[in-house]
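**Student:** Listed below are the residues making up each chain.
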Amino acid sequence: MTVEAVFRREYGRCVATLIRFLGDIDAAEEAVQDAFTVAVARWPSEGQPPNPGAWIVTTARNRAIDRLRRESVRDERHAQAHHLYGADAAADRPPPEETVPDDRLRLIFTCCHPALNQPAQVALTLRLLGGLETPQIARAFLVPEATMAQRIVRAKRKISGARIPYRVPAEADLPARLKPVLAVIYLIFNEGYATTAGSLMRLDLCTEAIRLARVLAELMPDEPEAQGLLALLLLLHARSPARVTAAGSLARLADQDRRLWDRDLITEGQAIVRACVRRGHPGRYQIQAAINAVHSVAASIDRTDWRAILALYDQLYALTPTAVVALNRAVALAEVRGPAVGLAAVDELRSPALDRYYLFHAARADLLRRLGRDEEAAAAYEAARSLTANPVERAFLQAQQAAVLAPGPG
Amino acid sequence: MAQYLLALYYDDRKFSAQEFRRLCVDVPALDAKMQDAGVFVFHGGTLGPESATVVRPSGSDFVITDGPYAETKEHLGGFWIIDVPDLDVALEWAKLATVACRRPVEIVPFEMRTIDQLLAASAAGSV
Chain C
1 MTVEAVFRRE
11 YGRCVATLIR
21 FLGDIDAAEE
31 AVQDAFTVAV
41 ARWPSEGQPP
51 NPGAWIVTTA
61 RNRAIDRLRR
71 ESVRDERHAQ
81 AHHLYGADAA
91 ADRPPPEETV
101 PDDRLRLIFT
111 CCHPALNQPA
121 QVALTLRLLG
131 GLETPQIARA
141 FLVPEATMAQ
151 RIVRAKRKIS
161 GARIPYRVPA
171 EADLPARLKP
181 VLAVIYLIFN
191 EGYATTAGSL
201 MRLDLCTEAI
211 RLARVLAELM
221 PDEPEAQGLL
231 ALLLLLHARS
241 PARVTAAGSL
251 ARLADQDRRL
261 WDRDLITEGQ
271 AIVRACVRRG
281 HPGRYQIQAA
291 INAVHSVAAS
301 IDRTDWRAIL
311 ALYDQLYALT
321 PTAVVALNRA
331 VALAEVRGPA
341 VGLAAVDELR
351 SPALDRYYLF
361 HAARADLLRR
371 LGRDEEAAAA
381 YEAARSLTAN
391 PVERAFLQAQ
401 QAAVLAPGPG
Chain A
1001 MAQYLLALYY
1011 DDRKFSAQEF
1021 RRLCVDVPAL
1031 DAKMQDAGVF
1041 VFHGGTLGPE
1051 SATVVRPSGS
1061 DFVITDGPYA
1071 ETKEHLGGFW
1081 IIDVPDLDVA
1091 LEWAKLATVA
1101 CRRPVEIVPF
1111 EMRTIDQLLA
1121 ASAAGSV
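In order, the protein sequence lines correspond to chains C and A.
Residue numbers for the first sequence follow my numbering, beginning at 1 and rising by one.
Residue numbers for the second sequence follow my numbering, beginning at 1001 and rising by one.
For reference, chain C alone in the conformation it holds in the complex (with noise of 0.2 Å):
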């Protein structure tokens, strides 16, 4: 593995550690940065350290600590160190080359702090858990590399500023404070997974998302939704290699060759939903992992238990009633009870915000199709074109919309 490699794979762990032992977000990313340069020196020749993770942290505070001795204005960088505050900071502090398991889970607690924006939350994740650098994650997210730079640096401002502390939030808060970092990670996944432009999927962020999630899983083996959004990404990622046809086009579930998809994710993902299911504890993202694991099971489109899936969307709907969920619960209606029956509880749904929405006059289009209404079918493709800037969305609806408008046999 590069050095690289290995600091892209360590930095959330050692930056986490260095944040608890230096109090400065800052202070512990130039002191990582600094071993990096350690290690691009001495490993080649040296050899890598067998154990990597504590090398960079032992380096990193070593040269904290020299640039901290060495800098001329000693008081204003004591002054600057806003300490983050621990709850057990003085206590007990175990020697910075042990990371606490805790570190990592403060950092990302930290990072999703209620008081930060979420696009803020999702750049700090990205950059401080996830070791990506500044220009990766503005291409990511299409957004100019001095925007993104401005706003790492407004948030590390507001985390110093208004003291945001360093801590894992005490168990009470935990649902309240776990619920951004989960909607962090999904939106990083999703991001991947449908980008609004250009390609279909960006894979580089559902990887990362992955494995942000893994973390956080291992971190909280005892928090069902942390497994339940695992395994709902590793299901979705799973039939990634179907998604885009090798012309570029968007495949849907139904159209997919699930000879393609990941069966090692799906395996991974199916074992999770079922200790999740055994826990008896859901939550809107074991439900939405449950529903994809239904999928997964099916041989082709025509052997999905879409009764099954409706149950759980139902589950779902009870816990999250959102217009999004009812739609999706809507088209599992459809499976089971015929279209005509899921148009008339898509239909129910249409409101103001779920007019703006695409996928809402895409599954019209759709069931209007089945149903022998070509003309209004062509006109709620029309609709659902209109309200995505996805290029490879775009010609699927295109396409549905011709064949639709095609002069059929008599």
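Keep in mind that the hints were calculated from the coordinates and are not lab data.
Virtual Cβ for every residue (Gly too), placed ideally from N, Cα, C.
Cβ-to-Cβ under 10 Å is the rule here; a few derived chain A residues that face chain C:
#1 ALA1002
#2 TYR1004
#3 PRO1085
#4 ASP1086
#5 LEU1087
#6 ASP1088
#7 VAL1089
#8 ALA1090
#9 LEU1091
#10 ILE1107
#11 VAL1108
#12 GLU1111
#13 MET1112
Fit chain A to the known structure of chain C by using the hints.
**Tutor:** Positioned in the frame of chain C, the structure of chain A alone reads:
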């Protein structure tokens, strides 16, 4: 420890007589709670923007204007200053404040560095 401003914002909605009576119970109760916890520094309700006056220098003289600095839909209704270790603690008190006052609360941290530290930071280009 750090000080935070918990600023209350009102819009043009008036409190009903019943709401006002509840305020007169809930807000002092919160003050007492803050005192007991040792976090209370100050609390005051401010009169409306019509009672405000703006002063600015103009050459060697001053310009005095009737009304608030900014003509906005929302205006300051009052504020607390509390002394707590971090934002999470400030948030807990702000939640109580927003419930007691039935209005949004803005948490703003105070600058806690000393003048010397600020001057040093300024010299280092990092204020």
